[in-house]
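S.K.: Put together the whole structure using the sequences plus the hints.
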Amino acid sequence: MSKKKFEIEKFDESNNFVLWSIKMRALLITQGLAKALDDEDELHIIMKASERVELMEKAKSIILLNLNDEVLIEVVEEKDPTALWVKL
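Count along the sequence shown from 1, then add 319; that gives the number in the working numbering.
Hints listed in this document are in silico derivations from the structure and should not be mistaken for laboratory results.
Do not rely on the hints blindly, as some may be mistaken.
[As the list claims (entries may be wrong)] In silico DSSO-like pairs for lysine-lysine, Cα to Cα no more than 30 Å straight-line: (1) LYS406 x LYS354; (2) LYS398 x LYS324; (3) LYS406 x LYS329; (4) LYS342 x LYS406; (5) LYS367 x LYS324; (6) LYS342 x LYS398; (7) LYS398 x LYS377; (8) LYS406 x LYS367; (9) LYS342 x LYS324; (10) LYS367 x LYS342; (11) LYS324 x LYS354; (12) LYS342 x LYS354; (13) LYS406 x LYS324; (14) LYS398 x LYS354; (15) LYS398 x LYS367; (16) LYS329 x LYS342; (17) LYS354 x LYS329; (18) LYS354 x LYS377; (19) LYS377 x LYS367; (20) LYS329 x LYS398; (21) LYS377 x LYS329; (22) LYS367 x LYS354; (23) LYS377 x LYS342; (24) LYS377 x LYS406; (25) LYS377 x LYS324.
[Claimed, not checked] Restraint-style ranges between C-beta atoms, simulated for each label pair: (26) GLU389 x LEU338: 34 to 44 Å; (27) ASP360 x ASP388: 29 to 39 Å; (28) LYS329 x LYS377: 27 to 37 Å; (29) ILE365 x GLU389: 31 to 41 Å; (30) PHE336 x ASP357: 14 to 24 Å.
None of the values given here were measured: they were computed from a predicted structure.
Using N, Cα and C, we set each Cβ at its ideal position, and we do this for glycine too.
M.R.: If you want it as C-alpha cells, here you go:
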C-alpha cells in the first residue's frame with residue numbers, strides 16, 4: 320500500500336484559520352499524529368515516553384512545515400505541538 324502525499328495551503332494569517340486548522344487536523348490524522356493535540360496527561364497514560372516524544376516532534380514538524388515564513392518565525396520557539404496550536 321502506498322502512502323499518499325497530502326498538501327494544504329500554508330497558513331499565512333490572511334487565509335481562513337478555521338478552514339486551515341480543519342485541514343491540518345485531517346493531515347495529522349492521516350499521519351497518525353492527531354493525538355499530539357490531545358490532553359497530554361492522557362498521552363502519559365497510553366504511551367511510553369519515547370513514543371510520546373516522537374509523536375510530539377513529528378506533529379510539531381508537520382504543523383511548522385505548513386506555515387509561511389512570517390507566521391513560522393512567530394511560533395517557532397513553542398516547545399510542543401499543543402502550545403504551538405494554541406498560539407496560532
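S.K.: If a hint holds in the structure, say so; if it doesn't, say that too.
M.R.: Hints, verified against the model:
Taken as a hint, the LYS406 and LYS354 pair is honoured in the structure, with Cα atoms around 18 Å apart against an allowance of 30 Å. For the hint linking LYS398 to LYS324, the alpha-carbon distance of about 26 Å falls within 30 Å, and the restraint holds. Distance restraint check for LYS406 and LYS329: the Cα-Cα separation of roughly 16 Å lies within the 30 Å cut-off, and the hinted pair is therefore satisfied. Proximity of LYS342 to LYS406 is assessed by CA-CA distance (about 17 Å); at most 30 Å being required, the pair is judged to hold.
This hinted pair checks out: LYS367 and LYS324 have alpha carbons roughly 28 Å apart, not beyond 30 Å. A hinted pair counts as satisfied when its Cα atoms are at most 30 Å apart, and LYS342 with LYS398 qualifies at roughly 22 Å. Proximity of LYS398 to LYS377 is assessed by CA-CA distance (about 12 Å); at most 30 Å being required, the pair is judged to hold. Restraint check for LYS406 and LYS367: satisfied, since their Cα atoms lie roughly 27 Å apart, inside the 30 Å limit.
About 13 Å separates the Cα atoms of LYS342 and LYS324, which keeps this hinted pair within 30 Å; it holds. Taken as a hint, the LYS367 and LYS342 pair is honoured in the structure, with Cα atoms around 28 Å apart against an allowance of 30 Å. Straight-line distance between C-alpha atoms of LYS324 and LYS354 comes to about 20 Å, which keeps the hinted pair within the 30 Å bound. Pair hint LYS342 plus LYS354 holds up; C-alpha atoms about 15 Å apart against a cutoff of 30 Å.
The straight-line distance between the Cα atoms of LYS406 and LYS324 is roughly 26 Å, inside the 30 Å bound, and the hint therefore holds. Between LYS398 and LYS354, the direct Cα distance comes to roughly 16 Å. Compliance with the 30 Å bound is thereby established for this hinted pair. Of the pairs offered as hints, the one joining LYS398 and LYS367 holds, with about 19 Å between alpha carbons and a cut-off of 30 Å not exceeded. A hinted pair counts as satisfied when its Cα atoms are at most 30 Å apart, and LYS329 with LYS342 qualifies at roughly 11 Å.
Straight-line distance between C-alpha atoms of LYS354 and LYS329 comes to about 21 Å, which keeps the hinted pair within the 30 Å bound. Distance hint between LYS354 and LYS377 is fulfilled; the C-alpha atoms sit about 11 Å from each other, no more than 30 Å. The hinted pair formed by LYS377 and LYS367 meets the criterion: a straight-line CA distance of about 16 Å does not exceed 30 Å. For the hint linking LYS329 to LYS398, the alpha-carbon distance of about 20 Å falls within 30 Å, and the restraint holds.
The suggested pairing of LYS377 with LYS329 holds, with an alpha-carbon distance near 17 Å, which does not exceed 30 Å. Proximity of LYS367 to LYS354 is assessed by CA-CA distance (about 14 Å); at most 30 Å being required, the pair is judged to hold. Note on LYS377 and LYS342: the hinted pairing holds, with a Cα-Cα distance of about 17 Å set against a maximum of 30 Å. Annotation: proposed proximity of LYS377 to LYS406 holds, straight-line Cα distance about 18 Å (limit 30 Å).
Using a Cα cut-off of 30 Å, the hinted pair LYS377 and LYS324 holds, with the two alpha carbons roughly 15 Å apart. The hint said 34 to 44 Å for the Cβ distance between GLU389 and LEU338, and at roughly 19 Å that hint is violated. At roughly 34 Å, the beta carbons of ASP360 and ASP388 sit within the given window of 29 to 39 Å. Taking the beta carbon of each, LYS329 and LYS377 are about 18 Å apart, not inside 27 to 37 Å as hinted.
Taking 31 to 41 Å as the suggested C-beta distance range, the pair ILE365 and GLU389 conforms, at roughly 36 Å. Checked against the given bound of 14 to 24 Å, the beta carbons of PHE336 and ASP357, roughly 20 Å apart, stay inside it.
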